[in-house]
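Peer 1: Residues per chain are reported as follows:
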Amino acid sequence: MTKKLSGQKGFLLIMDVALLAFLSQVPSIPVESRTYPLIFIIASLILSVLIMFKGKEKDQQEFDHSSVLIIIFAAATFLYLMLMSRLGYVPSTLIYLYAAEFILHFNYKKPVFWLFPAILTAFMYFVFTYGLSVILPRGSWF
Amino acid sequence: MLENILLGIQGACTVMNLLYMVAGLVIGIIFGALPGFSATMGVAVFVPFSYVMEPGAALLFLSGIYCGGVYGGSIPAVLIGIPGTSASVPTAFEGRALVRKGEGGHALGIVTFASAFGGFWSSVSLLFFSPLLALIALRVGPPETMMIAIFGLSVVCMLSEGNMLKGLFVGCITLVIASVGQDPVLGFPRFTFGQHELLGGFEVVSVLIGLFSIPEVFKMIKNLDDKDEVSKIANMRVDLKDFTGHIGNYIRSTIIGIIIGVIPAAGPDIAAFLSYNEARKVSKHKEEFGNGSIEGIIASEAANNGVTGGSLIPLLTLSIPGSAPAAIFLGAMIIHGLRPGPQLFTVHAETTYTLLIGFAIINVLLFFVGWIFCRFAGKILKIPKQILATLIMGLCTVGAFAISQNITDVIVMYIAGIFGYFLDKYDFPLSPIALGLLLGPMLEEAIMQTGTMFRNNYFMIFTRPIVDVFVFLILISFLWPVFIKRVKKRAEAEQ
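Line by line, the protein sequences are chains G and D. Letter by letter, the first sequence follows residues 1 to 142 in my numbering. Letter by letter, the second sequence follows residues 1001 to 1495 in my numbering.
This is chain D alone, in the form it adopts within the complex:
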C-alpha cells in the first residue's frame, strides 16, 4: 500500500495536475456560489472538457470542481444570507448574523478552515478505510434509509425549540408539498390539479433558492436607508483557539459527514443539518445558535465537506454511485477506461492512488484558493443595496430556469420566496422546509419499500443492527435535552 501511496503522490504532484486541481476548485467555487448552481451541475458541465485529459488529471479536475462546489455555496450564505447550495443552509443561519455583528471575515475564515478540515479527513478516510466503510454502504437498505430520514426530520424539533408548534406545522406542510407529483411506488399523480408540469413534483433547488433569497431581498428593500449596515468583512484570521476550542466539534462533524457520504442517497445537505443539530445539542452556548454561532458554522461546513470523500467510497469500491456527482464521476471514469470495483485498486493502482492522494491535496488547496476567493467575494458588501437586490433577482431567475430549462421552476421559486417572506414575517422557522423537502420523498419511498420487504410487519426492522443504532440515536436526541434541563434545574435548586 505504501508503494501505491508514493505512486499516488508522484502522480498527483506534477505541475499540470496541481494546476488542474486549482482550476477545478475555482470553477467549483463559482458554481457553488451562484444560486441554483451546484457541484453536480459543475461536474456535469465539465465532464466533456476532461475527455482530452489524462485519466488521473481528468479525475483530479472533476474532484476539484466537486469539492469547490460544496464549499462555494457557503460564501454567499455568509455574506448575504443566501445559500448557494442546500448544503449551506445551516451556515446561512449563522453566517449572516455574524456579518451583522461585524465578524463576517472571521465567519468566512472559519467556513474555509472547517471545509478544508472536513474535506481533508474525508479524503484520508477514502484512502485508508474504503474497504471497511464500504461494508456500511452494503448494509444500508430501505429500513436504514427510513431511520436516517426520521433521524433527520427529528432535527425539526431541535431547530424549532421555543417555537415548537410553528416548527412542526412548517415541517408537516412541507412534507405535504414534497408529496406533490407522482408517488414513488405506483407512479400515481398526486395533488397536481391537472397541471402536467407538477407531475415531477416541485424542484427542490428552485424552492430553496426562492425561500432563502427573496425574503433577504425584501429585507434589503425594507432597510434601504439603513446606514449602519456592515460593509466590510473585516479580518479573516483563524486563531489556534478557533481550532483547539472546538476540536471535538470538528472531529464529530467530519465523522458525521463521512458516514452520511458513505450512505447512498444521503448527501451533504443532510449531513450539514444533522451535524448542526448535534453541535447545538452538546453546545454550552445554545443561545448563540441562530444568532451567529461559530460552532454552528464549523458543524455545518466540516460535515458537508466531509461528505465529498465519503461519497466516493461506495463508488470506488463497490461501483455504487451514492450521489448525483458520484454518478457523473462513474460516467467519467468509464470514459477513461476505469471500471470501479476491487480491481481498480490493483490493475489501475497508479490512476486510483493519484486520485486518492490528489483528493487530499485538493482539500489543502481549497483552504488557500477559498481564502483568496473570500477576499474578493467580501467586496459584495460594498455594493449598493439597490444593485445587490437587482443582481440577486437576476441571478436567481436565471439559476432557477437553468435547473431544467423550465419557466415553471422560476414561478415556483418566486412563489416559494413570497411564502418564505410571510413565514419569516410571522416568526415561522424556515429550516424545516429545507429538511422536509430533502427528506420527505426519501422517507416515503423508504417506508413503502420497507413495507413491501417485511409484508407490512414494520417491527421486523428491529432485527437490523443499523436500524437499532438509529432508534437509539433518535431516542437520545429527544431525551437528551430533557435530561440536561432536569440536571440543570436540580443543580440550580441545590445552589
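This is chain G alone, in the form it adopts within the complex:
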C-alpha cells in the first residue's frame, strides 16, 4: 500500500530541491566566498532530513472553500504583477483591486465597492509620483 506524502514532507522536499540547486552552484564560486554559505546549505539539508524523520507535524487542515479562495486570490495577484509591467501601475491596480473585492465576495451594491479601488489607486499614484518622486511602472503596451 502506498503512503500519501504529507504536506510538510512535500514542502521540505521542495526546500531540499532548492538547496541542491544552490549546492550545484558552489563549485563555480571561489573558495574564500563559498565556505560560509556551504556550511549553512549542508546544515539545512541535514536539519531537513532530521525534521522529516523526527519533527512534529501539525494536523492537516481540510481543503475547503476558503482554500480555493486563497488560491484564486494568489493567482489574481500573480496576474496583477504580470499585467503591471504591461499595462502600467494605474490600470493594472484598478483592475486588480476590483477583481480582489469581487473574488472575496464583497457586496458590489455598496458604494464602497466602486469607490475604494479608485480612491486608493489615485491616492497612491499622486502620493508616490508627486510627493515622493517615485516613478511607478508605466507599462510597455502604452
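Take the hints with a grain of salt, since some may be wrong.
Derived DEER-like restraints, expressed as beta-carbon distance ranges [as the list claims (entries may be wrong)]:
hint: 1; chain 1: G; residue 1: T35; chain 2: D; residue 2: I1476; range: 21 to 31 Å
hint: 2; chain 1: G; residue 1: Y108; chain 2: D; residue 2: V1282; range: 45 to 55 Å
hint: 3; chain 1: D; residue 1: G1187; chain 2: G; residue 2: I39; range: 19 to 29 Å
hint: 4; chain 1: D; residue 1: R1139; chain 2: G; residue 2: I71; range: 47 to 57 Å
hint: 5; chain 1: G; residue 1: G7; chain 2: D; residue 2: F1472; range: 39 to 49 Å
hint: 6; chain 1: D; residue 1: F1459; chain 2: G; residue 2: I39; range: 11 to 21 Å
hint: 7; chain 1: D; residue 1: R1100; chain 2: G; residue 2: P91; range: 29 to 39 Å
hint: 8; chain 1: D; residue 1: K1379; chain 2: G; residue 2: A118; range: 13 to 23 Å
In silico DSS-like links for lysine-lysine, alpha-carbon gap of 30 Å or less [said to hold, decoys possible]:
hint: 9; chain 1: D; residue 1: K1488; chain 2: D; residue 2: K1281
hint: 10; chain 1: G; residue 1: K54; chain 2: D; residue 2: K1219
hint: 11; chain 1: G; residue 1: K109; chain 2: D; residue 2: K1219
hint: 12; chain 1: G; residue 1: K9; chain 2: D; residue 2: K1425
hint: 13; chain 1: D; residue 1: K1284; chain 2: D; residue 2: K1241
hint: 14; chain 1: G; residue 1: K54; chain 2: D; residue 2: K1241
Treat the hints as calculated values from the structure; they're not laboratory data. For every residue, glycine included, the Cβ atom is placed at its ideal position computed from N, Cα and C.
Fit chain D to the known structure of chain G by using the hints.
Peer 2: Relative to chain G, chain D alone:
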C-alpha cells in the same frame, strides 16, 4: 554644561520648534506605519524641506520624523499583525494575539508608553553620556561585530523553544538566502543563477513585508465569515501597575537599545530582538510569549526606540554615522553648516543643545501624538476584511516597489509571502527569517574581516575585552534556561 542645557531648553521650546517636532512626529508615524516605508525613507524624503528652516528647527523636524518612524511601525504590528518596519517584528508576535483577546487598546497604550520611555531615556543618555558612550563605539571592530551577530542569532534558539529543529532549519536556510548576491569581500556573484537583478541580493524589507503581510491576508481570507473577530481596540489606559510591575524590563530594554544604538551597523531591529529575547529569558510567564505578552511588547518597544538617541552619539561626538538615518542626518547637518565632532558641543553649542533637549521633548510629545494616532488607527479593525485584505495588498505592492523602484522587489515580496504562508501552515517559526536576513550579511562580513585582521587565527579575538563580554553573554544565554530548568526540577522534587 548647565548653561548650555538652559540654552537648549530656550531654543527647543519656541512655538515654531514645537510645531516642527509635532509635524515631524506625524510624518514619521505615517512613514513607519506603512509597510515598506521606514524612518530612513521619511528622513531622506524630508531633508530637502529642511533647507529653508533654521538649523535647530531643521534638526528637530528630522528627529521627529526619525523617532516617529521607529514608533509608527508598531501600530500596524499590533492592529493587523503586520510590522510597518523590521524593528516592530517582535511586537507583531504579541500585539495581534492581544487584539484577538480584546486587549488591543491596552497593547497600543503599552507600545506608546514603552516607546516614549525608551526614546526619552535614550535622549537623556545622548545629553549626558555622549563622550563616555562614544568610547564604546570606538572600540567596536569586526571581531565585536561578529560576536554581536552571533549573540543575535542565538536568539533563534530561544524563539524556537519547543520547536528547535524547525527553528534551526529556518535560521540556516535564511542564512543561505542572505548570502545570495555579491559576497561582501571579493564581490563575487553567488547563487544568482545568471539573473543580474539578484547581484545585490534580496531586498530585506521586501522579504519582510511579504513574509508578515501575505500570510495575514491569507488568514483573513480563510476567516472571512468569522463573526467573533474583535472590531474594537478597547481602552488604551496604561495603569501605574503597567509601569511599576515591569520597571526592570523597561530599564533593561532601554539600556540594550542605547548600547545597540551606539554600535555602528546595528539598528533598532537587532535591539528589539535581543531585548525581546532577554525579557523572555527572565520572565516568570514564559508561556505568554507568542500568545500576547505585555512583557514582550515592552521589551521590543523600549529597545527599538532606545536606539534613536544612542545612534546619534557616535555621529555627534565622532562624526561616525552608525545607521542609515544617522548618515542622512550627517548630510543635513553639513548642509546647515554643522560639522559633527567635539567642536559641535562648543562652537555650535546653541544648535547642538537645542537638538539634544529637543530630542527628549520629541519623545515626550511622541506619547501624546502616538496616543491620538492610535485612537484613529484603531478604526482599522472596523474595516471589512475584504477591503482590508485588498488595501494591504495594494499598500504592500507599492511599498515594495518604492524601495528601489524595481518590479523584482515586488515579485520577491510575493514569493516570500507564499513561502511564509507555508512555513506558518506547517508550524515553522517565522522570526528566525527576520534575524537571519538582518544579521547574516553582517556576520559574514565580520568573519571575513576578522580573519584578515588576525591572519585567520580566530583565537586572537579573545584578547579583546568586548568580545569576552559577548562570549560570556552567549554562554549565559544558552546555559541560563538549562540552569533554571534544573533548579525548578529540584524544587519540584523536594516538594
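Peer 1: Is the straight-line distance between the alpha-carbon of G/K54 and that of D/K1219 30 Å or less?
Peer 2: The given pair, whose Cα atoms are some 28 Å apart, holds under the 30 Å limit.
Peer 1: CB of D/K1379 to CB of G/A118, is that within 13 to 23 Å?
Peer 2: At 21 Å between Cβs, range holds.
Peer 1: Would you say the C-beta atoms of D/R1100 and G/P91 sit inside 29 to 39 Å of each other?
Peer 2: 38 Å, holds
Peer 1: G/K54 and D/K1241 were given as a pair; does the straight-line alpha-carbon distance stay at or below 30 Å?
Peer 2: At roughly 44 Å apart (the allowed maximum being 30 Å), D/K1241 and G/K54 break the hint.
Peer 1: Take the C-alpha atoms of G/K109 and D/K1219, compute the straight-line distance between them, and say whether it is at most 30 Å.
Peer 2: The given pair, whose Cα atoms are some 25 Å apart, holds under the 30 Å limit.
Peer 1: Is the distance from the Cβ of D/G1187 to the Cβ of G/I39 consistent with 19 to 29 Å?
Peer 2: Roughly 21 Å apart at Cβ, these two residues keep to the hinted range, so it holds.
Peer 1: Are D/K1488 and D/K1281 close enough, with their CA atoms no more than 30 Å apart?
Peer 2: 14 Å, holds
Peer 1: Do the beta carbons of D/F1459 and G/I39 sit within 11 to 21 Å of each other?
Peer 2: 19 Å, holds
Peer 1: Determine whether the Cβ-Cβ distance between G/Y108 and D/V1282 falls within the hinted range of 45 to 55 Å.
Peer 2: This hint holds: roughly 54 Å between Cβ atoms.
Peer 1: If you draw a straight line from the CA of G/K9 to the CA of D/K1425, is it 30 Å or shorter?
Peer 2: 12 Å, holds
Peer 1: Is 21 to 31 Å a correct range for the gap between the Cβ atoms of G/T35 and D/I1476?
Peer 2: Given range 21 to 31 Å: holds, Cβ gap about 29 Å.
Peer 1: At the C-beta level, are G/G7 and D/F1472 separated by a distance inside 39 to 49 Å?
Peer 2: 43 Å, holds
Checked against the numbered hints listed earlier, the structure breaks hint 14 alone; every other hint is satisfied.
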